[in-house]
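Given the coordinates of chain H, work out where chain Z should sit on it, guided by the hints.
There are 2 protein chains.
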Amino acid sequence: MDLHLKILSLLNKVRKTITKHNLLSRGDTVIVGVSGGADSICLLNFLLLLKEYELSIIVAHVNHSLRGEESERDADFVKKVCRDNGLEFELLVENASAIKKEMGKSIEESARIIRYRFFEILTTKYDAHKVATAHTACDQVETVFMRLIRGSGLKGLSGIPFFREPNIVRPLLEISKDEIKGFLTENKIKWVEDSSNTEQKYFRNKIRHKLIPVLNELNPNISENILRTSEQFTLNDSFISEHTNKLFKKVFRKTAAGFYLGNIKKFNKVHRFIKFALIREAIRRVNENLLNIDFDHVDSALKLLSSKKISGEVNLPNDLLIAKSYEDFIVTHKSKINPKYSYTIDSFGQHKFEHVSFRIKKVKVKKLDLGSNVALIDPKKFKFPIEIRNFRPGDKFVPFGMKGEKKLKNFFIDEKVPRYLRKLFPLFIINGEIAWVGGLRMSERFKVKGKECIKIEYSGRYI
Amino acid sequence: MDLHLKILSLLNKVRKTITKHNLLSRGDTVIVGVSGGADSICLLNFLLLLKEYELSIIVAHVNHSLRGEESERDADFVKKVCRDNGLEFELLVENASAIKKEMGKSIEESARIIRYRFFEILTTKYDAHKVATAHTACDQVETVFMRLIRGSGLKGLSGIPFFREPNIVRPLLEISKDEIKGFLTENKIKWVEDSSNTEQKYFRNKIRHKLIPVLNELNPNISENILRTSEQFTLNDSFISEHTNKLFKKVFRKTAAGFYLGNIKKFNKVHRFIKFALIREAIRRVNENLLNIDFDHVDSALKLLSSKKISGEVNLPNDLLIAKSYEDFIVTHKSKINPKYSYTIDSFGQHKFEHVSFRIKKVKVKKLDLGSNVALIDPKKFKFPIEIRNFRPGDKFVPFGMKGEKKLKNFFIDEKVPRYLRKLFPLFIINGEIAWVGGLRMSERFKVKGKECIKIEYSGRYI
Chain H
1 MDLHLKILSL LNKVRKTITK HNLLSRGDTV IVGVSGGADS ICLLNFLLLL KEYELSIIVA
61 HVNHSLRGEE SERDADFVKK VCRDNGLEFE LLVENASAIK KEMGKSIEES ARIIRYRFFE
121 ILTTKYDAHK VATAHTACDQ VETVFMRLIR GSGLKGLSGI PFFREPNIVR PLLEISKDEI
181 KGFLTENKIK WVEDSSNTEQ KYFRNKIRHK LIPVLNELNP NISENILRTS EQFTLNDSFI
241 SEHTNKLFKK VFRKTAAGFY LGNIKKFNKV HRFIKFALIR EAIRRVNENL LNIDFDHVDS
301 ALKLLSSKKI SGEVNLPNDL LIAKSYEDFI VTHKSKINPK YSYTIDSFGQ HKFEHVSFRI
361 KKVKVKKLDL GSNVALIDPK KFKFPIEIRN FRPGDKFVPF GMKGEKKLKN FFIDEKVPRY
421 LRKLFPLFII NGEIAWVGGL RMSERFKVKG KECIKIEYSG RYI
Chain Z
1 MDLHLKILSL LNKVRKTITK HNLLSRGDTV IVGVSGGADS ICLLNFLLLL KEYELSIIVA
61 HVNHSLRGEE SERDADFVKK VCRDNGLEFE LLVENASAIK KEMGKSIEES ARIIRYRFFE
121 ILTTKYDAHK VATAHTACDQ VETVFMRLIR GSGLKGLSGI PFFREPNIVR PLLEISKDEI
181 KGFLTENKIK WVEDSSNTEQ KYFRNKIRHK LIPVLNELNP NISENILRTS EQFTLNDSFI
241 SEHTNKLFKK VFRKTAAGFY LGNIKKFNKV HRFIKFALIR EAIRRVNENL LNIDFDHVDS
301 ALKLLSSKKI SGEVNLPNDL LIAKSYEDFI VTHKSKINPK YSYTIDSFGQ HKFEHVSFRI
361 KKVKVKKLDL GSNVALIDPK KFKFPIEIRN FRPGDKFVPF GMKGEKKLKN FFIDEKVPRY
421 LRKLFPLFII NGEIAWVGGL RMSERFKVKG KECIKIEYSG RYI
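Chains as they are written, first to last, in the numbering used here: chain H, 1 to 463; chain Z, 1 to 463.
Derived from the structure by calculation, the hints contain no laboratory data. For every residue, glycine included, the Cβ atom is placed at its ideal position computed from N, Cα and C. Each statement offered as a hint is correct.
Derived list of chain Z stretches under chain H, where covered just means 3 residues or more per stretch with a C-beta under 8 Å from a C-beta of chain H: (1) 205-215; (2) 228-242.
Some residues of chain Z that are not near chain H, with every Cβ distance over 10 Å (derived): (3) N63; (4) H129; (5) A257; (6) P317; (7) E405.
Isolated chain H, as found in the complex (with noise of 0.2 Å):
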């Protein structure tokens, strides 16, 4: 290959980009997305021309179905440069549409889902140590512009990373189209077109072709400005992450049951920004995503938060529920602490459901040992069956120590007990009584009077 000095910058250029974010290391193996276009194709021939990498190169073509005959021809050429530089070449033929329907997204999306799933099979095949992706510094002001225009949170505006976990590297993120159309040109290297690129199907398209025109018009240097914000998005964002997640395990606990409870006096000390972060977080926890999670949402919370009232709770989305209670509150699926159950039980030994797990024997004692998950019961006052179930309004019991009888709602009160954590304790019910609430008091109805005994132990704990 004959190489001009305006191609040698241009090389220099992503050597930059290469070390500046650490994309390689010398001896890699990589598996590089080649679909045939004129950016894999120049990106393939960069990783080939950094000579001092050492790299094993890995060609990675997936042919999506979605355009017939062309399809076929760009596969077969891809399968061709490969054969002619002497590199891997791993192919995988999909129905992108059909897998489309199946997974209920975009054929973009779906596209990409596909790629992606190929190249982890592949990392795993070869021992790989990084993917190289073809993403250009054009794609990255496109994708900052779709976000900005379809409304996403700061994080989006970071656009695409320069590396992305586990393994995914970029290194023509600053490179133009324009830059790789002059190298594969000039070098007499050639490309294959994608038809679906000059469709204005996708909303890609339509920012490519309808928007970047204008604000080329408006600013030529439009791109390197995009590149620059963008850059300082993602440092922006990096730290927020590290600050919030600092800061998430000073105002969260995580209870024994798994729960996540907030202490609200440090959550409303932190900016109101990070309150936001935080609440994204704890949800991100709960939830895994934040599908359908707005700003309105996130505010409603931190207005209950704030507010004064002792209680209360906001209902979100993906049946999320955010409650306060005293000083703490709980970011939750609401299923997860309004269970319904009654179980009856008739013999001794140990029981498990699916809310709640236990086991009933009799024992002698010679101290009363109470434990919170303990609770030793008179046989006198024991008969099968008892039954098993959570708090229900109206519920009453003569909590160990006092005389009379009590609702159940004000010894919750009495107790403190998040108002969200209230269904979560078995109630053990002996001759339609309550002789247990599990994990915290024993009624003093059905104390232990002798040595004998019937022990319950249940092995949940929710505070």
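Just chain Z now, kept in the frame of chain H:
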């Protein structure tokens, strides 16, 4: 005025904006900028309709003399509106074109400066609480895109603030132009059209007429998205500022001489994004603004500070210098730490110069009490005239307690005086020899042997 339901709901939208951002208080005196265009006429009418605030309204109109007779017509129109509503009318006639030349700014920018200066004057005259301007949601969207396209830091993307220090409020910032025109038309309220708005003369107008239509086509909800995004930016920016200022106090200390010295170790512990913010904040404190300072400048400072070199410096525009030495670094105007001076003194008493102030007198001492800002000189060695100048390469002296001569440079190194502070120490030279490195160390050769001595005190301190 006949109020339709739609109008009431629009007024309530404005009420919400006002409440949410705390823009008005009951009984406020408000200066309202009224050009006579739809936006400002609408703003004026809304403020009149917000009876519950019991506002005292003063209308301010600036005739920029940019559009000849049309300018006169607008001024007359606003004057008539005020007469009809019994409102104070304040008129400023300016020649913005002439002032543009004087200011060396764009005509738009000059006109803006003139307007806000007028608002300031009126604020004082009427002891006003607020100045209300008629920026709309459309202005907001345009501003965000203008800054994005021209290249602005993240801060700029916050757009137009609802409230700006000391007293500027924008109650229409969530109302669109369509809503405004609808309101005026339905209520048969007249306004004047500004012909310059329809010319593609200014960058903002290009954005308005070329870019916004494309964006609206790509997403009809673009305005809402951008407003929401810029609200997030504002919050983000407010948090970053707060966090940066907190860290600034931890990382920097102000020396006795008013220099900010940053601790390199503490600096390097913070997140890269906050490093950028800290350097920018230090520059802002030194230079008042960040003109001509870009990403690369700050980046080069970060490189210097994280490098293993003991000392080094980075030159920035506006005579700015960032220099490190040992554990500290300084952000300063270069001229401030590189003075060149030499003063000749031939009398006792108080002496004041630009770079150094000191007092010389004969005293008798019982005890040798040497503070760092005091030197006691043997009168036998003392002789007028003496010279006071700062460090030059090649300077030598015999440090107190030592026998041999030492290079002053090496003395500074041993004393860990950062390189960038060395030229700040005044050298007191007697008989052509350094008798005192002011504020640091006397010469062994000039030390006092009896009770009589020459006392020199100087009032500077640099560390």
